[in-house]
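Residue numbers (the numbering used here), protein chains in the order written: chain A, 1 to 687; chain B, 1 to 483.
Derived from the structure by calculation, the hints contain no laboratory data. Note that the structure is a prediction, hence the values are computed from the model and not measured. Ideal Cβ positions, reconstructed from N, Cα and C, are used throughout, including at glycine. One thing to keep in mind: the hints can contain errors.
[Stated by the list, open to error] According to the in silico footprint, chain B covers these stretches of chain A (three or more CB under 8 Å from chain B):
| id | region |
| --- | --- |
| 1 | 148 to 155 |
| 2 | 160 to 172 |
| 3 | 180 to 190 |
| 4 | 628 to 641 |
[Unchecked claim] A short, non-exhaustive set of chain B residues, derived as facing chain A with CB atoms under 7 Å:
| id | residue |
| --- | --- |
| 5 | Val385 |
| 6 | Pro386 |
| 7 | Thr399 |
| 8 | Cys425 |
| 9 | Phe436 |
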Amino acid sequence: MDYLYLSLLSLIFAMFLTFFIKNKSLSGFVTLIMTSFSSVCLFYLSLDIIIENKTVEKEIFSLKPLLNSSLIIGIDSLSALFLLVISLVSFCVTLFSWKYLEAYKTESPQRFYPFLVLLFISSIGVVSVKDLLFFIVFWELMTLSSWFIVVFEREKTSALKGGLQYFITAHVTTAFLILASVIVYSYSNDFSFKEINKSFLLIIDKYPYLSHFILFCVFIAFVTKAGVLPFGFWLPNAYPQPPSSASSFFGGVMSKLAVYALFRFFSSVIPLSYHTQVWGFIIAVFGVFSIFIGTIAALTQDEAKRLMSFHAIGQVGYMLLGIGVGLYFININPFLAAVSLVGGLFHVFNNSIYKSLLFLNAGAIFYKTGTTDLNKVSGLIKVMPITAITALVGSLSIAGVPPFNGFISKLLIFESSIWSAKQSDVFFLIRGLFIVFGIISVFISAVTLASFLKFVNSAFMGKLRGVINEKRSLPWSMVLSQIILAVVCFITGLFPFIPLKIIYNATVSCFDLLPSFSSVFIVDFKGVGINFFENYSQGAWYPIFVMIPLILLSILIFAFEKYAKAPKRDVETWYGGKEHAPEEVVYKGHSFYQPFKDLVSFRIGNIQFKGFYPVKIPKVEFKIPQKFIKIFDIDEWFYYPVIDRIKKFFQFFGKIYEILTEKYISWLVFGSIFVFVLLFYIFGGRL
Amino acid sequence: MDFLLLTLITPFVGAFFVYIFKNKTEVLAFIFSLITVLFSLLNFFEIYFSKIEITYSFSLFKWLNSGINFTLICDPLSLILLILIVVIGLFVVLYSVGYISPLNADHPFYKPYENYYFLLLLFIGAMIGVVTAGNLLQLFFFWEITTLCSWALISYTREKKALFSGLKAFIMTHIGAFGFLVALALMYSEVKTFDFSVISSLSNKFIIFTLLFFAASAKSAQIPLFTWLPNAMVAPTPVSAYLHAAAMVKAGVYLIARIYLSNIYLTDIEAFVVGIISISTMLLSVILYYLQDDLKKILAYSTIGHLGYILFGVSLGVYGSQTGGIGGVFHIINHGFAKGLLFLSVGAIAYATGSKSIKELQGVSKRFPLVTACFLSGMFAIIGVPPFSGFWSKFMILTGAFELKNLTTNIFGLIAIVESILAFCWYIFVGHKVFFGEASEKVLNANDKIPLSMKISLISLLILNILAPVVGYPFIKALLGGN
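Between the sequences and the hints, there should be enough to build the whole structure, so can you do that?
In structure tokens, the structure reads:
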């Protein structure tokens, strides 16, 4: 626990310090030192918790008697897993930013580092608090700090637009979360997760519709932040805007924290019931929807970071599919649920790594060329070979190619959704749907591969184009951070049993009715198998066995080439005798998969769809009618006329006074008589 | 407890001196407001460290013939407002030193400044009088002094519009004060006393409460008498800041909060009256946000809405939810610092660029980073983005609204959330439009030199705005009976 304080302390210190440093390099260095210290602390802490499989919980302070809420820091295996990811990614991100920020000449680092560090702090807070009120506080703090980073370039229109969209959407959906929390509080009278868990059963029992509404609010808040379509429409506009190192943290950690939150709420905040099953199904449906639309839309993108943002949407869909299927089957078949939940969570872990890596690759391209538009750059392998290789590793991982890490988690998700067909006690239509979900996600996996081949091909292969300054080599810090993430991708892919065990423990720490690890997975050092039938190697994978032939083949091909001494010569491309300028015939990023793109682009009414994703939405214009506005101008229709009337009334009497002296005297006489009579009447004639 | 008396007297003495010595008024005013702050701090420390109960009162002399004393009280509620009044008063005076000058691009002010500082000090004194008054009659006395001060300050520039707005503010708040007077008369005729706590035991308590609420709603710019506040924006910006953040409009909510805290036996009908008026005011103000172009006017409508928030919280308290009621009181201090900061930063923008129009301003952040930081942090506090101050009090009010399991308050709570979201959208849009993007012509031609005195008050209020929940927390806790 002390390590958590230490890491937070160093981050807070870094935040205050970088607020006052104007020098980019120095500011980056300070952040790097502080963040690496905090990363080491977090790493140690989370490893300690994961290995001993324990839960640490401590109350820092309490808001009683104002509200029954207290800042409870509680770290179990699930939180520790995410802390591990945060520590790794935050270190790589700051290492990358250090030199990278120099690509932004006019912007001050004072507007970047403090908020980046604040983002780290708030994400640590989100995963480690066990109290709903403080969870919301950290959640919004995360939105706030990331908004500052999105609008880092304050004169770029697209950044401002993306930032506005992002902040408004995130805040509005957090309002749903706040609504849910205050409704829950009115029953539980305490904001801590434990108490809510206890009293939620009562709400489910007594007011089933209200509890569905609460779950809806929670669902919409998290799903929007995760970027699940159709709520994640803001994501492709916001994520590409900040400097790539920050985008990398957004894509790698921030959107995954939404998945964490969803998992946390449906596992330990809300008790298991029939509701869990219903919402598991809904989560799976939305997951598949965004897998499909998000990834196909990504195929049509030509801008590297926007392409990756769409993939962030698609990949979140996989996680939700895994978690959704798991939640659906948790009461029916814990075995299947275990495979599915572990698959979803494993995918979160993998995705954090390779998504951060890919955004960093895009950042390296930006550093070198000043753009991330795939139509404007190519052949970069010649100037930055390591980036090209790491980008290839990241692309293969995200596409789920064995033996890289994405494959394993995707396999678990596919298997569980397809194996759900065997559950005879589930309504057959739902079983069929789950199978369809599985098939869609397998198909989309291929689309992912295609779109990342496009990225790697058009950015790194071909003729060298678009480099600003060929002499300026990529700084070692930027290369190193990419290498670290690529190595992690590779190792988790090659030896999946270590992360699998960790993630299984994390899952079990939330759902205690899951079967034990050994009854689900068979582990040996060759690889891992799912224990569907005892002693059958069904649904098993052995990455090393895949790796060995691959390596042998590569050596063989390399040896052939060397042995044959095939001559290499550089020639101009032959265009069949026709003369073309190189610009006319170059195969740009836009040219990839043209027929497929045409197939999925269409038009409905005024809205143009590209890859099933609306690109140009006509502006909805409405004018508030003037009459409506006038209603609110009480001055005009009420106060001023009334005052006018009163004025006129008095003026009228004034006239009498001015013009007719006799009448005035008679008024006096009559008036005094009236007063006299009145007095006489009141005192009953006894004057 | 002598310090409380000194706190009350000092601004009046200061006003007197400022009136006599016509030159160097700003220095005198600053010194006296600083002394006031010191005395109120001493007052606070005295009761805090000597472990006397945080609530105390004492009588000075008898006035009027029957047993009504001139009494000063000091409890957590008074202290919250006292801090707000003296601290923001100090910074407003300090800010005015820079702002009221011939260099002001928005509206140059030339010497002699006549009775500007005299009125400001009088305003501070009158507000201290309102929040430390021991009974309703005494409160009414100081209440009318604030009306007078605001009238004079709003029409300070002597332009036609300013004169009209000042008169409008005076008449409208005076109509409210008429309700106050009638309520006092009715009260006196029944129980021969003006104590706060007798209202719930009166036979016609609903009428008296409604009359008092009418007075408070006129003062706090609620439906129906709210139109004076947007017009009052013609006042010099520091005055508007003070008017909105600490003085004048806060007197109304203070009165209702005071009545709520000293009367346990108010019924749901009274709560409903306050609730429905405050909620409809909130909705009205949020609709009117979207129609404004002047930055100050947006802030004015936002003040109206937030006073509605406070009154809504208090009405929840009357309904029976302590969390909501105390949340409303908490919102007073949070809103006060944030709104003061917002006004002062808009004033700084106007000082430099000569414009307050959203259309004309763009890209302010590049040339005025300090002002941008101030405005943004004030904005986040107002719209309730955690961890800024507004979130905590708004959250408490919402919790109160849903805690009650009463359909009316639940609906009110939902409306409050909707209002909050709508206000957020417009504020964030305005923030984007004014501060980001490429600099517009007005900003490019702006005068870069913001006086030091304005900068100091901006920075201090920025810090106070961030610390507002921490400052308010002990008092709120004391109100709930903790220590």
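Hints, one by one, checked against the model:
Check result for the region 148 to 155 of chain A against chain B: holds, 3 residues qualifying (beta carbon to beta carbon below 8 Å, three or more required). Counting residues of the region 160 to 172 of chain A whose CB lies closer than 8 Å to any CB of chain B gives 7, so the stated coverage by that chain holds, three being the minimum. Counting residues of the region 180 to 190 of chain A whose CB lies closer than 8 Å to any CB of chain B gives 4, so the stated coverage by that chain holds, three being the minimum. Given a C-beta distance limit of less than 8 Å, the hint that chain B covers the region 628 to 641 of chain A holds, as 5 residues qualify and 3 suffice.
Here the hint on B:Val385 is kept, as its CB sits about 6 Å from the closest CB of chain A, short of 7 Å. Interface restraint check: B:Pro386 against chain A, minimum CB-CB distance 4 Å, threshold 7 Å, status holds. Hint status for B:Thr399 relative to chain A: holds, with the closest Cβ pair at about 5 Å, below 7 Å. Satisfaction of the interface hint for B:Cys425 is found here, the shortest Cβ-Cβ separation to chain A being roughly 6 Å, below the 7 Å cut-off.
Because the closest C-beta pair between B:Phe436 and chain A is about 5 Å apart, less than 7 Å, the hint holds.
Every hint from the earlier list agrees with this structure, and none is contradicted.
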